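As you go down the protein sequences, you meet chains A and B in turn.
Sequence positions in the first sequence follow the working numbering and run -17 to 136.
Sequence positions in the second sequence follow the working numbering and run 192 to 777.
There's no promise every hint is true.
[Unchecked claim] From the structure, some residues in chain A lie toward chain B, with a derived Cβ separation under 10 Å: (1) R18; (2) I50; (3) V93; (4) F94; (5) P95.
Simulated from the structure, these hints should not be mistaken for laboratory data.
Bear in mind the structure is a predicted one, so any value in this text is a computation, not a measurement.
Where a beta carbon is used, it is the ideal one built from N, C-alpha and C, also for glycine.
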Amino acid sequence: MSIPGVNVEPARRLERKMAAQIKVLLSKLGLDVHNRGLITVANELRDAGMEVIYIGNSFPKEIIKTAIQEDVDVVGVSSLGGAHLTLGGELIEMAKKEGLKERLALVIGGVFPPADGTKLKEIGFDGIFMPGATREEIVTSIRQIVSVKMDRPP
Amino acid sequence: MAEKKRTTKEILQEKLTGGKGIPLYNPEALKRLCQEFEQWRSTMVGEEDRKNWCVTPHTILGSEIPREMLYTPLSNPDFDYMQDLGHSGQEPFTRGIHANMYRGREFTMRQLTGFGGPEETNQRIKFMLAHGGTGINVLFDLPTIQMYDSDDPMSRGQVGMSGVAVDSVEDMDLIFKDIPLDRVTVSLVTHYPSNTAILFPMYLVLAERRGIPWNKLRGSVQNDITLEEVVRSGPEYIPPKDCFRIQCDNIEFIRQNVPLWNFVTYNGYNLREFGTSGVTEMAVALANAIGTLEEMLRRGHEVDWIAERLAFFWSPASDFFEEVARIRAVRRLWYKIMKYRFDTQSPRSMWMRCHVQTSGVSLMREEPLNNIIRAAYHALACVLGGVQSLHVDSYDEAYSVPTEEAALLSLRTQQIIQAETGVTEVVDPLGGSFYVEALTNEIEMRILDEVDEIERIGGYVTALEKGWLHKKIAEYFNNERKMIEKGVIKLVGYNFYKAPVELPPINVFRYPEGVEEKQKARLGKLREKRDIEKVNSALLALEEACKKGENVMPYTLQCARVGCSEGEIFKVFKQAFGLWKPPVFW
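Based on the sequences and whatever the hints tell you, model everything.
Written out as structure tokens, the structure is:
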């Protein structure tokens, strides 16, 4: 299946890969109103040298579409409103359908009951960040996930 | 050319200079005290302490105001009891808006309630009332807050989450089943002007249906542009000037037609929780209130007609004395603004009445039981500051909506403060403390300075459009985050005294199942049975009113009567006003 957008600017992608600059798309999941945490994460990932695109509130279909267009390495979503499993699940399904699951790191952060952390892992999120996750944890974990996915040193 | 408009600070400075009455401390005594103090400092205070005489406490959502090691009358040498404090219930209302404060009226225990469908929320409301809650405080779910219907594709997976789902009058009816609307006070947490314009009419129509006249209804809405345009993160926004106009339309209509209802609650809470200091929280709310009153004057209303029912909503965080001082400071500043900027003679207009909710972002996921202690201190600070009503956050809120057990514990926290500690027997117990008075003065000055900054930009709506507040928030919380990571802000159990072993898990609330389907079915039934011609003509009339600049609420009321849903009404706003993209800074 050819995926529109995946191979745009292959040179640039390679360049980024060589320079080990990770490109991240961040979005609030659905209608959740709390964005302080995600904006903080945006800031921290940028400070850690990553290229960050913050798109505000969006839904799985648009998030995946933007991920393809922008050719990102990581999609990070934030949910504090309870939709982590429903919309989160949709996001993973959508990524699988587009064949992105293997090369795209999908991470989620927010407020969830502890048991749901395990569920999120099971449905396919590569990284799960609960309240209290430190900058160090988030940055290191994203670098590791990306390096595994892209087969490059963290 | 029009004369340059004077700022509130300039007006207060002009009207309040030279008016010092009678300082409490006589100059002789102060002079002697000064000598004694220097003597004490050089003999009794070690060099380290002298060097670090002023220390800045670094706390969650703190204002970073430096503190001296010891406060004395020298910290506030011009202290004039009658002018700076007055007795309680007396100008400048520093000590409280009522003479007898909690002896006359206990603070209202108004715990937030809302999750799942209207039926579940109705059950929780009854549970809280049965356990001694004295007010109702209804929080709406994400689609309702963002103004989409439960059957909108954007709402899927989120119906009944973070609050209760409301699409139409039918849901409002179920939330308040068996609850006599003329005998309770109800806070409808309609954060935004847009959803106030949509949801409050549904409540009014419910009263109509039950044969309760609107003049018997008591309660409040929030109706604050700051929440819709700055604090909210959402997919669609209407432009600030239109949002502000709806805020004012709501105020005007409710004032005219529902006389006992508080038509606006300037919400500093959510703003501060988003990431601002306690000073900015209050400055923004005051600037918005000043802007509102100016607009109401422009519309030809009397100041007191509006000001007598204004209310505020604050977030108390962890710096205990700062929180007590802040509530006292803003009460005095509001009095000055009303008296000298708006020339009112009505004491009611000078009252800064407020509801508070203990800080949610101060709560930690790590060792969640510690949050019970945090919330209790926040609540105590508020009571010592003299607030009118209170919500105490639950210890499990870094996990989910509170369980019934956790919600009850929050109510119990209030009841223990109220009934067991004795703190409510004495009005303004910290008044006169050298420290608290100095801090109150400092905070008042800082709030006024920020109000001035906003007015110099061109007023609150202009400041919003220019992203002044968006930027300030981003700077504040990024800095705060860094201080937490570096351990400068200490959080017990998180970055300070971390437990070496994991503690046993707590019970966590699970959302009821099947709410979305039930909501969709109820809304579907309504869509079938309503008169579609009436619906369309009500929506059309609303659109014309939006465009012509008429007050929108009579039209949204008609929409509610004929069975329009929330999403349909918001769609009209979007069509009439267009969309706005708020600035994002990070």
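Quiz item: Per the CB criterion, is A/I50 less than 10 Å away from chain B?
Solution: Not OK, violated: A/I50 not within 10 Å of chain B, min 20 Å.
Exercise. Using 10 Å as the Cβ threshold, decide whether A/V93 counts as touching chain B.
Key: Hint holds; A/V93 Cβ to chain B Cβ min 6 Å, cut 10 Å.
Quiz item: Close enough to count: is the Cβ of A/P95 nearer than 10 Å to one in chain B?
Solution: 4 Å, holds
Practice problem: Could you check if A/F94 really has its C-beta closer than 10 Å to a C-beta on chain B? | Solution: 7 Å, holds
Quiz item: At a threshold of 10 Å, is the proposed contact between A/R18 and chain B supported by beta-carbon distances?
Solution: Since the shortest Cβ distance to chain B is 5 Å, the answer is holds.
Hint check: a violation occurs at hint 2 only; the rest are consistent with the structure.
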